[in-house]
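Undergrad: Protein chains in written order, with the working numbering: chain A, 543 to 965; chain B, 108 to 250.
It is worth saying that the hints were derived from the structure and are not from the lab. Treat the hints with caution; some may be incorrect.
To be verified - Below, in silico cross-link-like pairs of lysine-lysine (DSSO-like), each with a Cα-Cα straight-line distance of 27 Å or less:
hint, chain 1, residue 1, chain 2, residue 2
1, B, 151, B, 204
2, B, 151, A, 824
3, A, 824, B, 226
4, B, 171, A, 824
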Amino acid sequence: MTDLAWIDAALTAARPQAVGALLRYFRDLDTAEEAFQEACLRALQRWPVNGPPRDPAAWLIMVGRNFALDEVRRRSKQQELPDENVISNTDDAETPLAERLDNSQYRDDVLRLLFVCCHPDLPATQQIALALRIVSGLTVKEIARAFLVSEAAMEQRITRAKRQVANANVPFEAPGAPERAERLSTVASMIYLLFNEGYSASGGDAHVRVPLCEEAIRLARLLLRLFPGEGEIMGLTALLLLQHARARARLDANGNIVLLEDQDRSLWDQNLIAEGLALVEKALRLRRAGPYQIQAAIAALHARAKRPEDTDWAQIDQLYAILESFTGSPVVTLNRAVAVSKVKGPEAALAMIEPLAGRLSGYFHFHGLQGALLEQLGRAAEARIAFDKAISLANTPAEAAHIRMHLDRLQQASEKPVSQAQA
Amino acid sequence: MSGVGAQIGHTPATFDISLKGPRMLYAILCYNSEAVVNAWSKEKDDAVMAHHQGVMRNLAAKGKLGPVARLMPTTTATTLRPGREALVLDGPFAETKEQLLGFYIVDCESLEEAIEIGKQFMNETGAMEIRPVMFFDKGSAAQ
């Protein structure tokens, strides 16, 4: 039972809580990480012999803390001056028992740990990299591979991000309710970005990076366990589950994008869908709408449709309308236009997205949708221009290939009578 | 069918979508303080069980009732924990103020309906946890 795989899983699961608590003690990320590493090494030595502790996180916190305190004492002897600032809460540092953290304590520890990774000065990709390193415990090599950069470049990026975080002075006291809500929302958007990075890669060859999606889901579930009554965290988790449920159907054997309506729905993961639907339903009962819940509800309506023609586009249109009022984002309007094209036809959808042309001129999906709508309306020449523009903005080979398929279809259509092209 | 109950253009506080459809199995897990329940008189215990039986009959008539179990006291429990070899420990999984005493599996259209059924089972004390069932096999164990 106590094999290495089990220990590895236990260490990964305990990591956010343990590093979070160690960060609270030592107020320094490097010290906290080092202490955790040491505790893990000792776990690998002792757990196979003695059996795992009842509460792995508490064990790791205690061992890590003792190690770091010894280190600090040793260094302070060498450096003569004791560095009091490095240690906080020294009064209880001698407590011989593994602390039994109550839920609210470690909840704030984990949230703080996630939150320090989301410093507003850090670009989104660096926030994600830092969270993957510190909270998830991925190696620099793994993160570098996920972001398709060299290990050295990623190392440098993470070191720089850590320095910035260290200077940010995130308070270590338990946060008040408004602060906690703000932290929660910042962390939620970081997790969302992490998922998107995996779901629709921003560059490189791979269009979908499943491990990033899975890690985002793990973090979302972690957050929801800590804040089980937060509708938006339920919504976020549901959204990620429902999107990820389609992963196997989104690309064909050649790595080409398969659109929602063309996907083999038997490949959708019904367990993830069931969990996502259960969370959406639970969130809706709270009657406090928010953007994640609405997006999850849209994903739920797609997931619920047995066949594409069963999709409740009218409800999806209405949900996007509400989402528009929350976010005011032109991308949301663009998505709504897809629903509108199903309910009211391509003409209405085209009219809806035309005003967005200025703001979304550099956005792949804008030109892709514009092209598809024009194609449906039989305006082939204009469609071709839109598709050409989209191809020039494609982020991955799969996106480019998908547009090329449209162009080929237009080409074939132009060689046949119009009536067949519409079929 | 419930739709989106909000005015477009304003940020609504609530919204509704209809997700009714394939039915879902829910587990209704009954928790209570074992010490309290064990201290019930025979009459009290009978009255509580009679109440539960009534709700069960009602659900069974509608074809909504799945397996039901009432567990023996946690003093009869044995816990297995992973170790070099699995550890066999006398006693329950965790020392808690309230214990899992039993469960119902019910077939519902929505969480709302499962909550309604849970309320029907509710006694004056104890709590119920309602959890959607991910995997279900009605099994073949003979009684």
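Undergrad: Please verify whether residue 824/A and residue 226/B have alpha carbons no more than 27 Å apart.
TA: Distance of about 17 Å is within 27 Å: holds.
Undergrad: Within 27 Å, alpha carbon to alpha carbon, are residue 171/B and residue 824/A?
TA: holds, 21 Å
Undergrad: Does the alpha-carbon distance linking residue 151/B and residue 204/B stay inside the 27 Å limit?
TA: Since the Cα atoms of residue 151/B and residue 204/B sit roughly 21 Å apart, the hinted pair holds (cutoff 27 Å).
Undergrad: Compare the distance between the alpha carbons of residue 151/B and residue 824/A with 27 Å, and conclude whether the hinted pair is satisfied.
TA: The hint is violated at about 34 Å.
In summary, the structure is inconsistent with hint 2 from the numbered list given earlier, while agreeing with all the others.
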